[in-house]
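Line by line, the protein sequences give chains A and B.
Numbering of the first sequence is given in my numbering, commencing with residue 1 and proceeding in unit increments.
Numbering of the second sequence is given in my numbering, commencing with residue 1 and proceeding in unit increments.
I should point out that these hints are in silico values taken from the structure, not numbers from a laboratory.
Be aware that one or more of the hints could be misleading.
Think about it this way: if two alpha-carbon atoms lie no more than 25 Å apart in a straight line, the pair counts; the simulated SDA-like pairs of lysine to any residue are [as the list claims (entries may be wrong)]:
no.: 1; chain 1: A; residue 1: Lys213; chain 2: A; residue 2: Arg411
no.: 2; chain 1: B; residue 1: Lys192; chain 2: A; residue 2: Glu150
no.: 3; chain 1: A; residue 1: Lys185; chain 2: B; residue 2: Gln205
no.: 4; chain 1: A; residue 1: Lys20; chain 2: A; residue 2: Asp403
no.: 5; chain 1: B; residue 1: Lys219; chain 2: A; residue 2: Glu39
no.: 6; chain 1: B; residue 1: Lys90; chain 2: B; residue 2: Lys182
no.: 7; chain 1: A; residue 1: Lys199; chain 2: B; residue 2: Gln136
no.: 8; chain 1: B; residue 1: Lys229; chain 2: A; residue 2: Gly238
no.: 9; chain 1: A; residue 1: Lys499; chain 2: A; residue 2: Gly238
no.: 10; chain 1: A; residue 1: Lys27; chain 2: B; residue 2: Lys90
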Amino acid sequence: MEIIRGYPDYMRESIEKVEKTRPQRLKATFKAMTLEEREQILNEYHPDYKPEAKRDLKIGPSKGQRLPHEVADLLEAHPLIDPDDVDLSKVDHDCDILIIGGGGAGTVAALWAHYAGIPVDRMLITTKLRHGDSNSMMAQGGIQAADRPEDSPPRHYLDAIGGGHFTNKPELVRALTMDAPRIIKWHEELGVMYDKDDKGVMMELSGGGTSRKRMHSARDYTGMEIMRTVRDEARNIGVPVLEFSPAVELLKDDQGRIAGAVLFNMETDQYYVVRAKAVILATGGFGRLHIQGFATTNHYGATADGLVMAYHVGANLIDLDSVQYHPTGAAYPEQIVGLLVTEKVRGLGAQPVNKDGELFVYPLEPRDVESANFIRECYGRDNGLTTPTGMKGVWLDSPMIDDLKGEGTIRKNLAAMVRMFERFGIDMTQDPILVFPTLHYQNGGVEITDKAETSVPGLFAGGEVEGGVHGKNRLMGNSLLDYNVFGRRAGINAAEYVKKVALGKLSLDHVRKYEEALQNAGVETDRRAPMLLPDYRGSHVLSRALDIL
Amino acid sequence: MTDTIKTRMIKVYIMGKEYDVPEGLTIMKAMEYAGYRFIRGAGCRAGFCGACGTIFRKKDEYKFKTALACQTPAEDGMYLTELPFVPANKAEYELEELASGPNIIVSLYPEIARCVSCNTCTKACPQDLQVMDYIQASLRGDIEQAAELSFDCLQCGLCAARCPADIVHYHVGQLARRLYGKFILPKSLHLKERNDEIEAGVFDQEMENLTTMDLDQLKKSYIERDIEK
Ligand SMILES: Cc1cc2nc3c(=O)[nH]c(=O)nc-3n(C[C@H](O)[C@H](O)[C@H](O)COP(=O)(O)OP(=O)(O)OC[C@H]3O[C@@H](n4cnc5c(N)ncnc54)[C@H](O)[C@@H]3O)c2cc1C
Ligand code: SF4
Ligand code: SF4
Ligand code: FES
């Protein structure tokens, strides 16, 4: 197979067709779908609408809720630790607030808890990888906030709740959209380098499902720029961070309030007992569960641990039946399959086209609708292109961005994307790139109030681990916002909450009860959870592995 | 996933030990194929976090190279190891108290004055940044240039591991960007005005109406909203 500038010859033939239709497509638009059309294509082609991919949860407060099998498997699994193995009489860390997860939400929560009066030596962030290794670091596209005169928070509200198919919790959408400008202002004060013109006017773009341009970006490293800035601030004020030590179970006291967590040092296999008056759950999402076998955009630690731990203590879950697939995951080359091609590529004008170079969908439908259209084009109409490793995809006609917005726009605004493809021999300023939907975001999660409280006293949650904010579908740019808004609210409200708490005796009885509930429900399995890390070792190795050291 | 690729096998040497892996995997996936399960050394797996800094030499080549394991194809004859941690001291500062003058960076990171202009950091950078140039810009007090040139830095630490002058480039770049973002980039006026409006309660009534609106009315408002082109 001959490879020419990154693509095998048969893919090159299809690229020629794309080039041929480009001049006339530069002026072309495609009609957006009506609500009825959306509903129909979602039902027929969206992976989330397949009834056989889900089941009813057998135990716990959200019993009966329909969940993807991969999530239900973790909730219907034995707890990772046996309470009898853990000595709760010796406390390793004692603090007011324990924050689980050192991504965006956790770091923001620490800063705002500190602003609200909690000294840094009375808090602890514990995290699974390094501080900042998280989905937050990976966001490219941007963050929404209605701060232009032609825009308003109520408009943002309408876009978010319509995008979520009117299933979002109103109080949460209100908090999200009303706090947004304050968050961007805070970032500006911390020194986040948002894209602005020379007068300080934010350069804002449209995103899927937004009715105004309100996507703020910092080139295409928006997530990295925000994450590293808040992390730098946390380091400056001295927030203690424990790395490679995931929480494996929450603790309660004898009055049923949250009272800390058991952590596990993955490098020494030792556990730590942390006593805390409040816990903020900021463990992010579940992309690494590879729901329905999909590749994912998510970081290595996105394994739904927070959902499992919260469910063990009896927290309500919400909207977890709905999973977000990002329409544009890389489908070629093999090394980067599933990695994100930011929505900004479409925001800047690139159109999705099929193997014959035809535009087949409005480029900026809400994500679920856009994804369903891609899947129909590949599997319903057979108009996709098959890669040498058997993956199907449609073209995203990136070179047209420079035609529309001027030479050099792609390199300037999409440096991370250009670099990613260049590393594998593809020049996206000259050639289109092949894409297919990829598992991207956990729409639902642990149910919270607008004060970021869960249904369990003392347990707060912010960011991708919680649910209700986005209903059944999140719009681009609303989750960076989410982790900031609810990370902040969690920090502030936890700081307020701990003032009144005097903890009783630590206990893991809820874990014993969970085990009983599993038995009563007749769940027979050797699965254990939380998962902590996925296992990608080669099957030839796993089939001959011994656990003897 | 990696097991389905049927291609030529190549030999890689992970910390000197030989393994056969299929051609066409990244270094990270090749190590996993060989049986490694990462605790350290894998973060985003997509070229954004800098957790997977890697050093390698090819058999029969004298050059010592650096890469991101998640963004670099494994090649036949690579002797490699990940370098997932680089000891580095970060200056602690209160940004509010640093007005942006020319000497701030060098006063917090005096070691940048020891740069011998060997350009090793630039050669080590897997993001192809002009690392030496941003250090030199920092030394000159050109905060804007230091911020611009360091913007795409993933903080992988490979430059700092190689620098003969013991400079921690990525912390220097981080400081430059925060100074630039805070003190030099113009403040957004419309952002301030919107915050003032929210503060003054301008949107409260409209928001109240929306949160209490019945579903049909809400749907209607959604469908009828005008879309900015
Ligand atoms: C590639 C990509 C691009 C994206 N682009 C955008 C975008 O343009 N705009 C937008 O708004 N959103 C975007 N998103 C979504 C957004 O980045 C995330 O939803 C958001 O950052 C989540 O923040 P978080 O703090 O809740 O979770 P994370 O940032 O993922 O942080 C969770 C942290 O908790 C740690 N952790 C997990 N389990 C445990 C445990 N048991 N104990 C301790 N620690 C644990 C994790 O390792 C991680 O560090 C994108 C996401 C991805 C993956
Ligand atoms: S490696 Fe160190 S000494 Fe050499 S150019 Fe870079 S900063 Fe200067
Ligand atoms: S400048 Fe240094 S830390 Fe930053 S990406 Fe380049 S080598 Fe890594
Ligand atoms: S794992 Fe994050 S850059 Fe490689």
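Going through the hints against the structure:
1. Pair hint Lys213(A) plus Arg411(A) holds up; C-alpha atoms about 22 Å apart against a cutoff of 25 Å.
2. At most 25 Å may separate the alpha-carbon atoms for a hinted pair to count; Lys192(B) and Glu150(A) meet this at roughly 15 Å.
3. Of the pairs offered as hints, the one joining Lys185(A) and Gln205(B) holds, with about 23 Å between alpha carbons and a cut-off of 25 Å not exceeded.
4. Restraint check for Lys20(A) and Asp403(A): satisfied, since their Cα atoms lie roughly 14 Å apart, inside the 25 Å limit.
5. Using a Cα cut-off of 25 Å, the hinted pair Lys219(B) and Glu39(A) holds, with the two alpha carbons roughly 14 Å apart.
6. At most 25 Å may separate the alpha-carbon atoms for a hinted pair to count; Lys90(B) and Lys182(B) meet this at roughly 19 Å.
7. With a C-alpha separation of about 28 Å, the suggested pair Lys199(A) and Gln136(B) falls outside the 25 Å cut-off, and the hint is violated.
8. For a cut-off of 25 Å, the pair hint linking Lys229(B) to Gly238(A) is broken: about 46 Å separates their Cα positions.
9. With a C-alpha separation of about 22 Å, the suggested pair Lys499(A) and Gly238(A) falls inside the 25 Å cut-off, and the hint holds.
10. Our distance criterion of 25 Å between C-alpha atoms is broken by Lys27(A) and Lys90(B), whose separation comes to about 51 Å.
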